[in-house]
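Q: Each chain, letter by letter, is given below.
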Amino acid sequence: MAAITDSPRTTARRTRSAGPRPYGRAGRRLRDNLTAHAFLIGAVACFALFSWYPMVREFVMAFQRTRRGHTTWVGWQNFIQVSHDPVFWQAWRNTVEFTLLALVFGFALPFVVAIGLNELRHARAYLRILVYLPVMLPPVASVLLFKYFFNPSFGLFNAVLSALHLPTSQWLNSADTAMFSVVIAATWMNMGSAVLIYLAALQSIPGELYEASELDGAGLLRRVWHVTIPQTRLILSLMLLLQIIATMQVFTETFLLTGGDGPKGSTTTVVYLIYNYAFNFNNFGAAAALGVIMLLGLAGFSALYVRLFRESE
Amino acid sequence: MSAFDSTTRTLISPAQLNRPLGRVAYWAVFAVVIVVFTLVFLGPLYWMVTGGLKSTQEVIQNPPTLFPRRPDPGTYLAAWQHLNMGRLLLNSVYYAFGALAFQLVFDVAAAYSLSRLRPVFGTVILGLMLATLMIPAAVLIVPQYLTVVDLPIVHIGLINTPWAIWLPTVANAFNIFLLKRFFDSIPADLLAAAAVDGATPVQTLRLIVLPMSRPILGVVSIFAVVSVWKDFLWPFLVEPDPTRQPVNIGINSLALNVAQNEIIAGLTIASIPTIILFLIFQRNIMAGLTAGGLKS
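If you read the protein sequences in the order shown, they are chains A and B.
Quick note on numbering: UniProt numbering labels position 55 of the first sequence as 55, and the sequence is numbered without any gaps.
Quick note on numbering: UniProt numbering labels position 86 of the second sequence as 86, and the sequence is numbered without any gaps.
Source of the hints: derived by calculation from the structure; they are not laboratory data.
The reader is advised that the hints may include incorrect statements.
Stated by the list, open to error - Residues from chain A shown here face chain B by an in silico Cβ test under 8 Å; the list is partial:
| # | residue |
| --- | --- |
| 1 | Thr35 |
| 2 | Ala36 |
| 3 | Asn118 |
| 4 | Phe251 |
| 5 | Leu256 |
| 6 | Gly291 |
| 7 | Phe309 |
To be verified - Just so you have them, the derived chain A footprint on chain B, three or more residues with Cβ under 8 Å:
| # | segment |
| --- | --- |
| 8 | 78-88 |
| 9 | 107-121 |
| 10 | 230-242 |
| 11 | 252-264 |
Cβ coordinates follow ideal geometry from the N, Cα and C atoms, glycine included.
Start from the sequences, fold in the hints, and give me the full structure.
A: The structure is reproduced here in structure tokens:
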């Protein structure tokens, strides 16, 4: 990301010196600068209003409390309140559980699928379109459809299971299986983009590497282990980090499938808890405090991750 | 079997595939993959489309039927009316293309300025914009919402207006990043020549830079439209008025009072626009996903 800030300093304005101008050198530079800033103003205003200012406000709000229009500074009160909430640890446990399950299905599975698809020589376009199709659906459509499939009395999944003489499940209605069901739906909805990104990475592996390792007598699995994985290491590790950060923020899937909390709070996630504080209890201070905790947690995790990755390099 | 030789070498060698046993194994695996993928990814969609054709009893009967017994397109009509689909779809289109217009104008102008006009503090501004990529979006929802309820300084509320959806989408650092990187790659001589001919920055942008940037503008546009179309939490918060909600939110809020088969028909209707968009632009979408997406 640093590469873009030091791009070649080629400017149109330096070469635009044809003919004498009524302004002096300084005047022209000022005018060019004003033009450049005029181009920027729309985007900068939107960033200021909807990104930078809310960012600062998040941190300020975390130390404030508003009651009947009166805002007071309360120090660490919000943080203490939030961390003593009985649901706090449950929400973190659920979120981490979702993230870990989503990694097994949403990270490992797309990689295996991509390796498989890369070996097929026919119907490649068809398979790609199939895998990516769910990503294009509005999430409400996929989620409500899966809710219908998960229905214990008339849903498709239990019908298939009982047709195969397998035990049926309560799916979203039981605290034990609710989160697992959410992960199934979320994986179906989202895995397409990961598969396509891995496919692109796999196609950039030079064929000679496979040939060489085959000559050395490496079998199929050894070739995957010694060629495919090392060659796609960078993209794999980046995807892993991005996916962890994205899945830690799960909200829409649980909110639509189980109403957010689920049976016995089994699908309450951290972002749902933030939502709950802000929009059901009107406690914006607590919501902000929990947001700050999450922000710092994810930032700390990312820093640690990047560091470990660099060290193992 | 030349089909096995023409492609570049992957995990399994062409020689291995060309052996009789290899060929049998390949076609067996191929058949399994086609069947499983079709079932897994098209199956639910088939169930959705046919679910909308079933009667109210049939759609919740156990065991479910594979084919609707008496296909009735009337359910789609009923869903269209009861779920107010026309209004909702129109809202979604309005929000998506409005957001696209704002992003194209403001983000292209900003990226062009940062790439070519190089104003004072340009790098600082770019840095601040890119820094927002590091912040988990869900964390900012609450202060963003409060900002939209009552804008600072001017004290205008944007709730229940399209501005609440359009303007925040402009603050998209990824767009700025993609566009600026593309503009950086345009040969400087070309722009210098335009300047010598006396072109103003606006003319240079319009006549030289934009026509050259069609691929990246396509990628940015498609993702702008799709992300607004798919967004849930933000429009759910800022468009509480049912007549102003996009299709995503509207269906969900009306779902409780409508029969199951009509909801499923509604879901099908809501999915059609993005599926058509995808089938038309699938090449651009997939190229954008991999090239523009993560290789940076």
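Q: Could you run down the list of hints and mark each one as holding or not?
A: Hint-by-hint comparison with the structure:
1. Thr35: Since chain B brings a Cβ to about 6 Å from Thr35 of chain A, closer than 8 Å, the hint holds.
2. Ala36: 3 Å, holds
3. Asn118: 6 Å, holds
4. Phe251: Holds. Min distance 6 Å.
5. Leu256: 7 Å, holds
6. Gly291: 4 Å, holds
7. Phe309: With Cβ-Cβ at 15 Å, over 8 Å, it is violated.
8. 78-88: The restraint on the segment 78-88 of chain B is violated, since only 0 of its residues have a Cβ under 8 Å from chain A and three are required.
9. 107-121: holds (count 12)
10. 230-242: holds (count 4)
11. 252-264: Answer holds; 5 residues pass the 8 Å Cβ test.
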